[in-house]
Amino acid sequence: DQQVKQNSPSLSVQEGRISILNCDYTNSMFDYFLWYKKYPAEGPTFLISISSIKDKNEDGRFTVFLNKSAKHLSLHIVPSQPGDSAVYFCAARAGGSQGNLIFGKGTKLSVKP
Amino acid sequence: DAGVTQSPTHLIKTRGQQVTLRCSPKSGHDTVSWYQQALGQGPQFIFQYYEEEERQRGNFPDRFSGHQFPNYSSELNVNALLLGDSALYLCASRWRASTAHEQFFGPGTRLTVL
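Protein chains in written order, with the working numbering: chain W, 1 to 113; chain R, 1 to 114.
One chain only, chain W, in its complex shape (with noise of 0.2 Å):
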């Protein structure tokens, strides 16, 4: 069973405008989500974080929201750039620190000129 799930497989925006992505999870004792983009023939890469005990985290264009009550995050890209275009996966982190990372099957971001 999916304990991290990004039910979009894809998403068009236009650019300049905002770019919502958003994951759902099942387990409660997660203490860390984290987003990570990634281009074709490349590694995922960090993107952004938050922590459970948050409800909200901003970085530059990206900010992520925490909705604990409904085991919910989402992802805001403002304004949208065409170089966002990527896939975007949810990660969730289990057992603490040393933690593995659980993954989203991802959602394919386009943002066209």
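Check each hint, because a few of them may be wrong.
Here are the simulated DSS-like cross-link-like pairs (lysine-lysine), alpha carbons at most 30 Å apart as the crow flies [as the list claims (entries may be wrong)]:
no., chain 1, residue 1, chain 2, residue 2
1, W, LYS105, W, LYS54
2, W, LYS112, R, LYS26
3, W, LYS71, R, LYS13
4, W, LYS112, W, LYS5
5, R, LYS13, W, LYS105
6, W, LYS108, W, LYS56
7, W, LYS54, W, LYS68
8, W, LYS5, W, LYS108
9, W, LYS105, W, LYS68
Please keep in mind that the hints were generated in silico from the structure rather than gathered at the bench. In this text the structure is predicted, and so the values were computed from the model without any measurement.
Let chain W serve as the given structure and place chain R on it in line with the hints.
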């Protein structure tokens, strides 16, 4: 500062064969984790190595084994290859004592089993 490197980039094997993939962690990192990413899926945790020992393991059969060397580099070995082992194999590293929680990934090795 070199990031995580993996070799080879691509590999083609036939069913029943054995394969060894290699990973050099980012400079200063001492913990290496391996992930398998099948087509259309997210990366799935295989195991983690620290101080040359397997510390954590995901839901993978014993055909998957690993090793970590004194210089922190690591190998992933897969025996008796199956068609379903075809995937991108990712190595990730971090410094165990760091308070940061992100892992740094290499570009991966694309394994095709025919």
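Do the hints match the structure? See the list:
1. Between the alpha carbons of LYS105 of chain W and LYS54 of chain W the distance comes to roughly 24 Å, so the proposed pair stays at or under 30 Å and holds.
2. This hinted pair does not check out: LYS112 of chain W and LYS26 of chain R have alpha carbons roughly 34 Å apart, beyond 30 Å.
3. Distance check on the hinted pair: LYS71 of chain W and LYS13 of chain R sit about 41 Å apart at the alpha-carbon level, beyond 30 Å; violated.
4. Among the hinted pairs, LYS112 of chain W with LYS5 of chain W is consistent with the structure: their alpha-carbon atoms are about 25 Å apart, no more than 30 Å.
5. Taking the CA atoms of LYS13 of chain R and LYS105 of chain W, the gap is about 26 Å. The hint holds against a cut of 30 Å.
6. About 23 Å separates the Cα atoms of LYS108 of chain W and LYS56 of chain W, which keeps this hinted pair within 30 Å; it holds.
7. Between LYS54 of chain W and LYS68 of chain W the CA atoms are separated by roughly 9 Å; this keeps the pair inside 30 Å, and the hint holds.
8. Distance hint between LYS5 of chain W and LYS108 of chain W is fulfilled; the C-alpha atoms sit about 14 Å from each other, no more than 30 Å.
9. The suggested pairing of LYS105 of chain W with LYS68 of chain W holds, with an alpha-carbon distance near 21 Å, which does not exceed 30 Å.
Of the hints listed earlier, those the structure fails to meet are numbers 2, 3, in rising order.
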